[in-house]
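Colleague: Given these sequences and hints, build the entire structure.
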Amino acid sequence: MITANGAIAVVDVRVLVARIVKGMMVKVTFQAMILVVLAGCGGERAADMLHQGNEYLAKGDYSNAIRCLSESIHLKPDLAVAYIHRGVAYYDQRQLRNATEDFSEAIRLNPKDPDSYNNRGVTYLGMGQYKKAIDDLSMAITLKPDNVDTYANRAVAFEYLQDFDSAIQDLSTSISLDPDRVSAYDHRGSLYFKRQKFEKAVKDLSAVIRIAPQNASAYSHRGLIYQQQGHLDRAIADYAMAIQFSPNEALYHAQRGSAYRERGDDSKADADLAEAEALRKQPVNQNEQPPR
Numbered sequence: 029m030i031t032a033n034g035a036i037a038v039v040d041v042r043v044l045v046a047r048i049v050k051g052m053m054v055k056v057t058f059q060a061m062i063l064v065v066l067a068g069c070g071g072e073r074a075a076d077m078l079h080q081g082n083e084y085l086a087k088g089d090y091s092n093a094i095r096c097l098s099e100s101i102h103l104k105p106d107l108a109v110a111y112i113h114r115g116v117a118y119y120d121q122r123q124l125r126n127a128t129e130d131f132s133e134a135i136r137l138n139p140k141d142p143d144s145y146n147n148r149g150v151t152y153l154g155m156g157q158y159k160k161a162i163d164d165l166s167m168a169i170t171l172k173p174d175n176v177d178t179y180a181n182r183a184v185a186f187e188y189l190q191d192f193d194s195a196i197q198d199l200s201t202s203i204s205l206d207p208d209r210v211s212a213y214d215h216r217g218s219l220y221f222k223r224q225k226f227e228k229a230v231k232d233l234s235a236v237i238r239i240a241p242q243n244a245s246a247y248s249h250r251g252l253i254y255q256q257q258g259h260l261d262r263a264i265a266d267y268a269m270a271i272q273f274s275p276n277e278a279l280y281h282a283q284r285g286s287a288y289r290e291r292g293d294d295s296k297a298d299a300d301l302a303e304a305e306a307l308r309k310q311p312v313n314q315n316e317q318p319p320r
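Numbering follows our numbering, in which position 264 of the sequence shown is assigned residue number 292; successive positions increment by one, without gaps.
Any given hint could turn out to be false.
Under the rule of at most 20 Å between Cα atoms (straight-line distance), these lysine to aspartate or glutamate pairs were calculated in the EDC-like manner [to be verified]:
hint	residue 1	residue 2
1	Lys159	Asp193
2	Lys309	Asp293
3	Lys296	Glu277
4	Lys104	Glu72
Hints were generated in silico from the structure; no laboratory data involved.
This one's a predicted model, so the numbers in the text were calculated from it and none came from an experiment.
Modeller: This is the structure we're talking about:
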């Protein structure tokens, strides 16, 4: 995700047993002050290309965004914000090496900008260079200690390095800064699950449900914990809520079917498992988005 100030935030959809990283969403707010500065020093054309590039970036037209931002850089090579936004476009095109080079140049031009360190850190995450990611994200936090996204991003890097305690600490800081941040509760709950701290995991997933009552995956994950604890009625109730909000998700029917089977309700188990199998055979709707 690109935040309003142009920084990348990791968008991360989690289950309790695996991570699925989804694509980045773009939102760029152009700062009118930059236009005035550029125009004052004879850079009207560079300003126009920067503006056009940001508009293309906001629309997800990355090729044209890169074209316009490259022209802006050609006309005004010391314009750090153009490197940042072109780096974002390269990132969303999965051209990670190019993105890293642009963020590095932005840092050279403006070493006190936390967004450039955050963005390069996220790019290092995508390249599997987790220690470098932590170094950059830590610098971003030093420069801007109240950036919720950066703590959440660094937590992902810590998790990849199996440093779950540091990841949980970062997510706790993220939650303290933004008590309604669903993704932080969800991520922290998954880490508590991995550490077999089930009561804390249930508490975090319950917080997700309180903030986002139609979040089907949170019901599914909490139901999984209840089932493992032997609380089958609670598990079945949570699976039923997941199905209510996402009726075409085969996993939720399979989960409820397994809980029914464990409880001895074979007819209900057979029905749910048959429905799960039928749904798995259906073509996937790429446009369908899970409730948030």
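Colleague: Does each hint fit the structure? Answer for all of them.
Modeller: Structure-based check of each hint:
With a C-alpha separation of about 16 Å, the suggested pair Lys159 and Asp193 falls inside the 20 Å cut-off, and the hint holds. Proposed proximity of Lys309 and Asp293 is contradicted: the alpha carbons are some 25 Å apart, above 20 Å. Between Lys296 and Glu277 the alpha-carbon distance is near 17 Å, which keeps this suggested pair within the 20 Å criterion. Distance check on the hinted pair: Lys104 and Glu72 sit about 10 Å apart at the alpha-carbon level, within 20 Å; holds.
Hint 2 from the earlier list is the only one contradicted by this structure; the remaining hints agree with it.
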